[in-house]
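Engineer: Mind docking chains B and C on chain A? Use the hints.
Chains A, B and C, in that order, give the protein sequences.
When we follow our numbering, the leftmost residue of the first sequence carries the number 1, and every step to the right adds one.
When we follow our numbering, the leftmost residue of the second sequence carries the number 1, and every step to the right adds one.
When we follow our numbering, the leftmost residue of the third sequence carries the number 1, and every step to the right adds one.
Please keep in mind that the hints were generated in silico from the structure rather than gathered at the bench.
What you are looking at is a predicted structure, and each value in this text was computed from that prediction instead of being measured.
Quick reminder that beta carbons are idealized off the backbone N, C-alpha and C, glycines included.
Not one of these hints is a red herring.
Below, in silico cross-link-like pairs of lysine-lysine (DSS-like), each with a Cα-Cα straight-line distance of 25 Å or less: (1) A:K197 <-> C:K62; (2) B:K306 <-> A:K197; (3) B:K306 <-> C:K44; (4) C:K62 <-> A:K402; (5) B:K283 <-> C:K62; (6) C:K62 <-> C:K10; (7) C:K62 <-> A:K399.
Just a sample of chain A residues kept apart from chain C, beta carbon distances all over 10 Å, derived: (8) Q41; (9) R211; (10) A212; (11) K311.
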Amino acid sequence: MIRKVRNHLNPEEGLVFEISSPGKKAYQLPDLDVPAVDPAQALGPANVRREIEHFPEISEVETIRHFTRLSAQNYAIDFGCYPLGSCTMKYNPRVNELVARTEGLAWAHPYQPEALAQGCLEVIDVLERYLCEVTGMDAVSLQPAAGAHGEWTGIMLVRALHESRGNPRKKILVPDSAHGTNPATAAMCGYDVESIKSNDRGLIDLEAVARAANEDVAAMMITNPNTLGIFEENIDKAAAILHEKGAMVYMDGANMNALVGISRPGDFGVDVMHLNLHKTFSTPHGGGGPGAGPVAVRSHLEPFLPIPRVKRNGAALAFDYDRPQSIGKVRAFYGNFGVLVRALAYTLAHGGPGLRNATMDAILNANYVRTRLQDYYDMPYDSPSMHECVFSDDRQSAKGVKTGDIAKRLIDYGFHPYTVSFPLIVHGALMIEPTETEPKQELDLLADALIDIAREIDDDPNLVKTAPHGTRVSRVDEVTAARKPILRWRP
Amino acid sequence: MLDAIGVPNIESLFEHLPERVLLGRPLDIPPGKSEYDIVDYFRALGEKNATWPSFLGAGVYRHYRPVMCDVVVSRGEFLTSYTPYQAEMSQGTLTAIFEFQTMICQLTGMDVANASMYDGSTAVPEAALMAMRVTQRDSILISRAVHPEYREVLATSARSRDMKTGEFGYGTESGVSDLEDLASKISDQTAAVIIQTPNFFGCVENVKAAAEIAHRHGALLVVVFAEAVSLGLLEPPRDADIVCGELQSFAISPSFGGPFAGVLAAKEKYLRQMPGRLVGETKDSRGNRAFCLTLSTREQHIRREKATSNICTNQALIALMATVFMTVYGKEGLRELAGQNLAKAHYLGAALPRRFSSPYFNEVVVRNTDPAAANRALAGRKIIGGLELGRFYPELSDCLLLCATEMSKKADIDQVVEVLR
Amino acid sequence: MYPDNYRYTKDHEWVTVEGDTATAGITHHAQEQLGDIVFVDLPKVGDSCTQGKTMGSVESVKAVSDIYSPVSGEVIAVNDSLSSSPEVLNADPHGTGWLVKIRVSNAVELDGLMTAAAYQEYLGGSH
Numbered sequence: 001m002i003r004k005v006r007n008h009l010n011p012e013e014g015l016v017f018e019i020s021s022p023g024k025k026a027y028q029l030p031d032l033d034v035p036a037v038d039p040a041q042a043l044g045p046a047n048v049r050r051e052i053e054h055f056p057e058i059s060e061v062e063t064i065r066h067f068t069r070l071s072a073q074n075y076a077i078d079f080g081c082y083p084l085g086s087c088t089m090k091y092n093p094r095v096n097e098l099v100a101r102t103e104g105l106a107w108a109h110p111y112q113p114e115a116l117a118q119g120c121l122e123v124i125d126v127l128e129r130y131l132c133e134v135t136g137m138d139a140v141s142l143q144p145a146a147g148a149h150g151e152w153t154g155i156m157l158v159r160a161l162h163e164s165r166g167n168p169r170k171k172i173l174v175p176d177s178a179h180g181t182n183p184a185t186a187a188m189c190g191y192d193v194e195s196i197k198s199n200d201r202g203l204i205d206l207e208a209v210a211r212a213a214n215e216d217v218a219a220m221m222i223t224n225p226n227t228l229g230i231f232e233e234n235i236d237k238a239a240a241i242l243h244e245k246g247a248m249v250y251m252d253g254a255n256m257n258a259l260v261g262i263s264r265p266g267d268f269g270v271d272v273m274h275l276n277l278h279k280t281f282s283t284p285h286g287g288g289g290p291g292a293g294p295v296a297v298r299s300h301l302e303p304f305l306p307i308p309r310v311k312r313n314g315a316a317l318a319f320d321y322d323r324p325q326s327i328g329k330v331r332a333f334y335g336n337f338g339v340l341v342r343a344l345a346y347t348l349a350h351g352g353p354g355l356r357n358a359t360m361d362a363i364l365n366a367n368y369v370r371t372r373l374q375d376y377y378d379m380p381y382d383s384p385s386m387h388e389c390v391f392s393d394d395r396q397s398a399k400g401v402k403t404g405d406i407a408k409r410l411i412d413y414g415f416h417p418y419t420v421s422f423p424l425i426v427h428g429a430l431m432i433e434p435t436e437t438e439p440k441q442e443l444d445l446l447a448d449a450l451i452d453i454a455r456e457i458d459d460d461p462n463l464v465k466t467a468p469h470g471t472r473v474s475r476v477d478e479v480t481a482a483r484k485p486i487l488r489w490r491p
Numbered sequence: 001m002l003d004a005i006g007v008p009n010i011e012s013l014f015e016h017l018p019e020r021v022l023l024g025r026p027l028d029i030p031p032g033k034s035e036y037d038i039v040d041y042f043r044a045l046g047e048k049n050a051t052w053p054s055f056l057g058a059g060v061y062r063h064y065r066p067v068m069c070d071v072v073v074s075r076g077e078f079l080t081s082y083t084p085y086q087a088e089m090s091q092g093t094l095t096a097i098f099e100f101q102t103m104i105c106q107l108t109g110m111d112v113a114n115a116s117m118y119d120g121s122t123a124v125p126e127a128a129l130m131a132m133r134v135t136q137r138d139s140i141l142i143s144r145a146v147h148p149e150y151r152e153v154l155a156t157s158a159r160s161r162d163m164k165t166g167e168f169g170y171g172t173e174s175g176v177s178d179l180e181d182l183a184s185k186i187s188d189q190t191a192a193v194i195i196q197t198p199n200f201f202g203c204v205e206n207v208k209a210a211a212e213i214a215h216r217h218g219a220l221l222v223v224v225f226a227e228a229v230s231l232g233l234l235e236p237p238r239d240a241d242i243v244c245g246e247l248q249s250f251a252i253s254p255s256f257g258g259p260f261a262g263v264l265a266a267k268e269k270y271l272r273q274m275p276g277r278l279v280g281e282t283k284d285s286r287g288n289r290a291f292c293l294t295l296s297t298r299e300q301h302i303r304r305e306k307a308t309s310n311i312c313t314n315q316a317l318i319a320l321m322a323t324v325f326m327t328v329y330g331k332e333g334l335r336e337l338a339g340q341n342l343a344k345a346h347y348l349g350a351a352l353p354r355r356f357s358s359p360y361f362n363e364v365v366v367r368n369t370d371p372a373a374a375n376r377a378l379a380g381r382k383i384i385g386g387l388e389l390g391r392f393y394p395e396l397s398d399c400l401l402l403c404a405t406e407m408s409k410k411a412d413i414d415q416v417v418e419v420l421r
Numbered sequence: 001m002y003p004d005n006y007r008y009t010k011d012h013e014w015v016t017v018e019g020d021t022a023t024a025g026i027t028h029h030a031q032e033q034l035g036d037i038v039f040v041d042l043p044k045v046g047d048s049c050t051q052g053k054t055m056g057s058v059e060s061v062k063a064v065s066d067i068y069s070p071v072s073g074e075v076i077a078v079n080d081s082l083s084s085s086p087e088v089l090n091a092d093p094h095g096t097g098w099l100v101k102i103r104v105s106n107a108v109e110l111d112g113l114m115t116a117a118a119y120q121e122y123l124g125g126s127h
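Chain A on its own, in the form it takes in the complex:
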């Protein structure tokens, strides 16, 4: 029985171009206090455009209604549990949004003199130190804009280190359970990718690592806990094998929220890693970004970090560009500073003990959901779960219902689906990450929904295969979208 949601009127809304009419406006500019300039004269007639064809023309009230009506067509953490595995959809504290808008921080220009930007430099300095403590690493660069950008930066550091030793090496080892960004990153950094098969417990196979490790290997990219939500208990041994051959260990920190305060990558052999501040440190996902992907390194990789670094210059903080071994700039300025402010606010609000509690609650919630569901869904790897658990649709697909169908039916129950069909090593995966911020009532509703769906599959599989039924938009035709792409509105 669907208990979390009921139907609700939801207005139709056209595209902004369709509701436009000439002459409407939603802006007011102040009176110009200097003489007006004739654009054709100032810029040359050929450089001036006639008009922006078909650009919006709507009023202020139409603007707020348009975007509010669109917003009503979204699901969000603010509505309820968003159990996307690997994505860490935890509550986004609103105080973080407020402090990121502090005038002195939000309106600071990246080129204003350092003496006039000490507040910003302090945010960077303090957050770097906290992230070093959390990861057990020696230095952090906050510049990468997202997780994949952090990966790219991290592997570029590895490359720079090997180059400084005379040989950039040829390949990166990636477990078959890895996120798609890992092999894509390795390729972007000019490396070949060698996939390493997981063992029958879903873990790194030490023998396979030993076979693959040689002087051609630049690094191995390891996610820990891995994408099955399982702690790689032999990670330090794998690291030793790789280090023996001069290869580095890169840790994809997408799942660091399962380790904060409990275990530190710097203590189990990791040389370089990234963090996703929009996962572990609660900055909002915003429908796909912005995030931040700081990269943390042990001291042997520190000289290669992107410029600039923040350093203390007497009582003041300053930027240091004089770093001859640096890989250079990975993006303009100093990273997604506004996201860093939010992550620092989160860290301060929790403090050391609170961060550890968050980790423990995340593990508790995932194990609770696992316990509630394990009689109804198959679990191909039954090693202990950390912050997420992965089931397969084996039992359900025997009745013709796939993980993607179960996900769509979960929408009818008022939840965003879990992560579908990932990791790839689980056939028909259901990857569930509740996060620490879900109350037990919400977890029970989620578990009850998935149990009900399992029963529906026994009684009426077609109900599930044609879901969702309760949404304003039914199942979307992605095939036509890809065959005949319409990527913009035209009159």
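Structural biologist: Quick look at chains B and C alone, frame taken from chain A:
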């Protein structure tokens, strides 16, 4: 919950972790603070920064943010949702991105635009790589009048790949790209020619002429923009093959350099080689119009090591903010806004010794015998002056790059003129 | 289902030869595994191809599959209709959904490919 799981306490849930990997002590981070403490802490940090009138531009611009922009992006439905992979419960985000893609096309004169890149600087190597895929060539020529930090990011990208980058100069009098220098350096191995307009000096480039040179050699022309407001008035770079740039000017506060939003747009025929997410229009099973992410096979989660880019998380919320900004200003407003910028900058530029002769939008390079001293003098009047260009261009160490926007008050401009003249 | 006069590869391509011209495509089994095909990336006329090496790819909404050339030679024609109607590949993979025509440079290569019966047996074993 512990009873249901069948364990005595939470610690037993990670008992299976080997002792040797456990931290075994509390994190050395002070205990949690209250909401008030946190607000107060950041207020104090903010006060350590100057919030004076500023004439800095150079890729980051101070434009007024209409209230509506913040109102919309603060809605939890947008703020706290994920990438819209589940189309049936993400139509709000998907529709807004579709509108964003459309507006970027309208603004730039391109056929297709993606759902955003990290920022303007990282969009440049993405455009370069795209041009390399299209042309199957490996050399990139970039103008020295492109933002120096964008060029540095391109150089970092080139380190690990078979990408050769070269630069061509700018006219020492004109302040725009030296197309003769370009013509002498371009070859049949050139995948892309990259220029920026308005360029780093605020000057408007001749896109058509650059395109002719590039196309004559079978290379693509990539046009970069850093000041999006200029597109309210300037003829869009229709002769480009790829347009990429920075949308910070559209309601995004300077925020010490980020988060901003980059964008990449192109001619239709290059669609399959574009990086990043795309939203497309389709129908649902009942025949209603619907939107979904599409052409995903270009992306990392499917094509893995053969993907067009590794980008995953992008800048969706910032792109939404820019969409609201473009909607609020609209067809007339963006033009009027650009006109005000032009007027303010020209009021400033007309009163000072300009270094370059080419038409400029809202930034101007002025001569000054001691730019550092001039900035100090302005700081004495609680004004943040311009960028000392010697930092990036040793040959321009006697120059300041100044920016004026609709937020620059005449009284402050007059003070700048008084100090610099 | 699988024409007797075609030869088949383990990567699920088919090929049939008339004179020195081979016509090649992907098998019914391959299109079925991929599901709704949305895009086909083919080599250009004049490109040379090598048996067992990638010559293009087919895409469904959520998967990409490389196409391996079943024989070596020079591409002399490609099925342009697939760019506007990739669904033909699902409807008629062994006929109007052909991909390329190749001027065969080494006819002996065909001997290493499977017959229809052998291919069906292979399918039975692998799936």
